[in-house]
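Protein chains in written order, with the working numbering: chain D, 1 to 343; chain F, 1 to 330.
Please note: incorrect hints may appear among the correct ones.
[What the hints assert, rightly or not] Covered stretches of chain D (in silico footprint by chain F; criterion: 3 or more residues with CB under 8 Å from a CB of chain F, positions within the stretch not fixed):
1. 118–124
2. 303–313
[Unchecked claim] List of simulated lysine-lysine pairs, DSS-like, C-alpha gap at most 30 Å:
3. D/Lys108 <-> F/Lys240
4. D/Lys104 <-> F/Lys289
5. D/Lys91 <-> F/Lys289
[Claimed, not checked] Okay, the calculated beta carbon distance ranges per label pair:
6. D/Arg163 <-> F/Ile17: 49 to 55 Å
7. F/Thr258 <-> D/Asn92: 18 to 24 Å
8. F/Ser242 <-> D/Glu286: 24 to 30 Å
9. D/Arg25 <-> F/Ile153: 55 to 61 Å
10. D/Arg215 <-> F/Pro255: 39 to 45 Å
11. F/Thr258 <-> D/Ala208: 56 to 62 Å
12. D/His170 <-> F/Gly176: 32 to 38 Å
In short, the hints are calculated from the structure, not lab data.
Remember, it's a predicted structure, so these values are computed and weren't measured experimentally.
Beta carbons are placed, not taken as given, at the ideal position from N, Cα and C, and that holds for glycine.
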Amino acid sequence: MANVSTAHAEYQQENHKPEMAISARNINVVYATPTGKIPAVRNVNIDLPKGSITGIIGESGSGKSTLIMAIMNAVTKPGKIESGSVILNSKNDLLKLSSEQQRKIRGKEIGFVFQAAQNSLNPLRRVGQQILDLGRSHDVKDLRGLIKYAKELLARLGLDADRVLASYQHELSGGMRQRVGIMFALVLKANIIFLDESTTALDMLSQAAVLEIIRELQKEKNLTIALVSHDIGVVADLSERIEIFYAGEIVEEGKTSKVLSDPGHPYTKGLIQAIPRISGDIDAAEPLKGSSPDFKTYQQPGCLFYDRCPIRTDACRESRPELESIGKDHKVSCFRVGADDRN
Amino acid sequence: MKDFLIRLVWRIFSGLIMVLAVASLTFFLVRMMPGDPVSAQYNQLIMQGMTPVQAENQVRVMYGFIPDEPLGEQFVHYIWSMLHFDFGQSISYEGIGVSHIILNAAPWTLILVFTGLVASFLIGVLAGVMAAIKRSSPFGTSLTVSGSLLHGIPQFVMGLLLAYLFTTLWPILPFGAPYDSSIDPGFNWPFISSLISHAVLPVVTYALSSYGGWLLTMKSSVITVLGDDFILASEIRGLKSSTRVGYIAHNAILPLFTLFTLSIGFMFGGSVFIENIFDYPGLGNLLVKAIDARDYPLMSGTFLLITIAVIVANIITDFLYSVVDPRIRR
Chain D
1 MANVSTAHAE YQQENHKPEM AISARNINVV YATPTGKIPA VRNVNIDLPK
51 GSITGIIGES GSGKSTLIMA IMNAVTKPGK IESGSVILNS KNDLLKLSSE
101 QQRKIRGKEI GFVFQAAQNS LNPLRRVGQQ ILDLGRSHDV KDLRGLIKYA
151 KELLARLGLD ADRVLASYQH ELSGGMRQRV GIMFALVLKA NIIFLDESTT
201 ALDMLSQAAV LEIIRELQKE KNLTIALVSH DIGVVADLSE RIEIFYAGEI
251 VEEGKTSKVL SDPGHPYTKG LIQAIPRISG DIDAAEPLKG SSPDFKTYQQ
301 PGCLFYDRCP IRTDACRESR PELESIGKDH KVSCFRVGAD DRN
Chain F
1 MKDFLIRLVW RIFSGLIMVL AVASLTFFLV RMMPGDPVSA QYNQLIMQGM
51 TPVQAENQVR VMYGFIPDEP LGEQFVHYIW SMLHFDFGQS ISYEGIGVSH
101 IILNAAPWTL ILVFTGLVAS FLIGVLAGVM AAIKRSSPFG TSLTVSGSLL
151 HGIPQFVMGL LLAYLFTTLW PILPFGAPYD SSIDPGFNWP FISSLISHAV
201 LPVVTYALSS YGGWLLTMKS SVITVLGDDF ILASEIRGLK SSTRVGYIAH
251 NAILPLFTLF TLSIGFMFGG SVFIENIFDY PGLGNLLVKA IDARDYPLMS
301 GTFLLITIAV IVANIITDFL YSVVDPRIRR
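Pulled out of the complex, with its shape left as it was, chain D reads as follows (with noise of 0.2 Å):
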């Protein structure tokens, strides 16, 4: 009885699960580079259910801006995916399409911002010239209104729309670009929205605004928004499920509250330890041991974080866990869920 239940239950979350805007399966990138083959992402699986904030977190070089170039395929070189395939509003796989049915969708129905927004500008074409230049690539048939809606897009964003499209990239501040490069990924009414580290070289207040202005224009328009970050406080604010990064691998998925609140890896304790309060004790805020891995990390055959890890074991050192389910949406990968970290 108790397994009918069980699988009934299992029926119905089933049932119940969301649309995925885009769902990866099995992803690999590697670097090629002197020394050999690096793997920059590997056997990743990610949903990114519709309509909601997913954030990726991950320490510098964990891969997590090679993932979401994988899922645009846009990887550059020495990068290459080896497999893998991302399947769009569960209808095509982006990886299979022609490079014009591809160029279609970026920017068309998956918008980008990126990490170096402030450079994404052609820096001799005014920012007006540059959002008809879109329009034309996107065959869009009402450029005015097109120019109407960036407007009212900047004006939200806090800009003097006019000023802007009349600018060149040098006339505008780091973080008046930021926010002109958040307008381009919208203005094309994309559904999809990747933010690769794009508020990170904002000050707190800016990047607080801009953030606040995001999660009013998800709500609004339903969008589903991959936020990128290494910076656990916007994260935790912004997003309904993490996806923790590190080495090139997933090692913890689930609800933000869950997996913040009750961490199942290592490194996510590790990661929320380092945060220093604002209350209390500097002092209790603890940095992660040990250095970020590198390629002699990937050639051996145990877990990828042994060596930094505070509760491994001899096992750990024999092969890598893999991501199991440990609580309703919460998986991790690690062998030793639930031990002791202070021994």
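Knowing the structure of chain D, use the given hints to seat chain F on it.
Chain F alone, transformed into the frame defined by chain D:
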């Protein structure tokens, strides 16, 4: 607009100062040359039987100053006559004004070198873009190699080779002289077509031997731009490839723009080898003859022309650059 005028006036003024400085330098160089050509000329005229007064007048006519005068006074005289566009008279072309000779030679150089320069620039820029985009394919590599290789062949070797191929082996093009001497010069079709057919070989020689420089510069410039963030951004925003190529080309050509306009200035120095091989009476040939004949007034006149051309080209570049690159505008 007011700022623009102030800048223009200031640049023209400083340009004039520069011309004056170079003219003075040329003057003193001529005076300080071993053997002192001015007094040598003076002495030679006296030995030819002229009276000192006649010789003095003759030298004054040639150089614009009198050798017996103190250097300072000579200098003032020289500058004074220069300000009146009087550059003295040639020694080798007896009694003909230097400015007259230069004005006659300049068109030949302009036809030749200007056409060659524009042709090599266009070929070089287009091939450079291709070589940069296809840089990992055999086609891109061979483009680059062809540019460096042809760039390495001296102009006179290239010129003689082409002349041999197309006037002797396959005599399809005329050789020597800028036009057929049996045709009366004038604004009529036989003359113009003769001009063009005679210009083909020298222009092609010039273009072939100099497009490599443009190609290599353009290639590296394009590769630099390809690595810029906004090019990746334009790809991820799904811009059409024609739009993207436009973005790349516009950004990559900026450094070449300066080089090109400066080359137009230096063009007034003529192209010695090509003018010599194809027997064009242009500025390059003129300069060589002037040096051969120790024709100092003609030499300093030619140098002055090159100086002025480079300075003017510089000023024009400065102003045009702010048109093509908005970041320079103020």
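Hint check results:
For the stretch 118–124 of chain D, the stated coverage by chain F holds: 6 residues have a C-beta nearer than 8 Å to a C-beta of that chain, and at least 3 were required. Only residues whose beta carbon comes within less than 8 Å of a beta carbon in chain F count, and the stretch 303–313 of chain D has 0; fewer than three means the coverage is violated. A threshold of 30 Å between alpha carbons decides the hint, and for D/Lys108 with F/Lys240 the separation of about 12 Å falls inside it, so the pair holds. Annotation: proposed proximity of D/Lys104 to F/Lys289 is violated, straight-line Cα distance about 65 Å (limit 30 Å).
Among the hinted pairs, D/Lys91 with F/Lys289 is inconsistent with the structure: their alpha-carbon atoms are about 79 Å apart, more than 30 Å. Look at D/Arg163 against F/Ile17: about 40 Å separates their beta carbons, and that is not inside 49 to 55 Å. At about 48 Å, the beta-carbon gap between F/Thr258 and D/Asn92 misses the expected band of 18 to 24 Å. F/Ser242 and D/Glu286 have their C-beta atoms about 54 Å apart, which leaves the hinted 24 to 30 Å range violated.
Taken as a hint, the range 55 to 61 Å holds for the pair D/Arg25 and F/Ile153, whose Cβ atoms sit roughly 57 Å apart. Range check, D/Arg215 to F/Pro255: Cβ separation about 44 Å, and the 39 to 45 Å hint holds. Distance hint check: the CB atoms of F/Thr258 and D/Ala208 are about 45 Å apart, inconsistent with the given range 56 to 62 Å. Distance hint check for D/His170 and F/Gly176: the Cβ-Cβ separation is about 54 Å, which falls outside the suggested range of 32 to 38 Å.
When each numbered hint is compared with the structure, violations occur for hints 2, 4, 5, 6, 7, 8, 11, 12.
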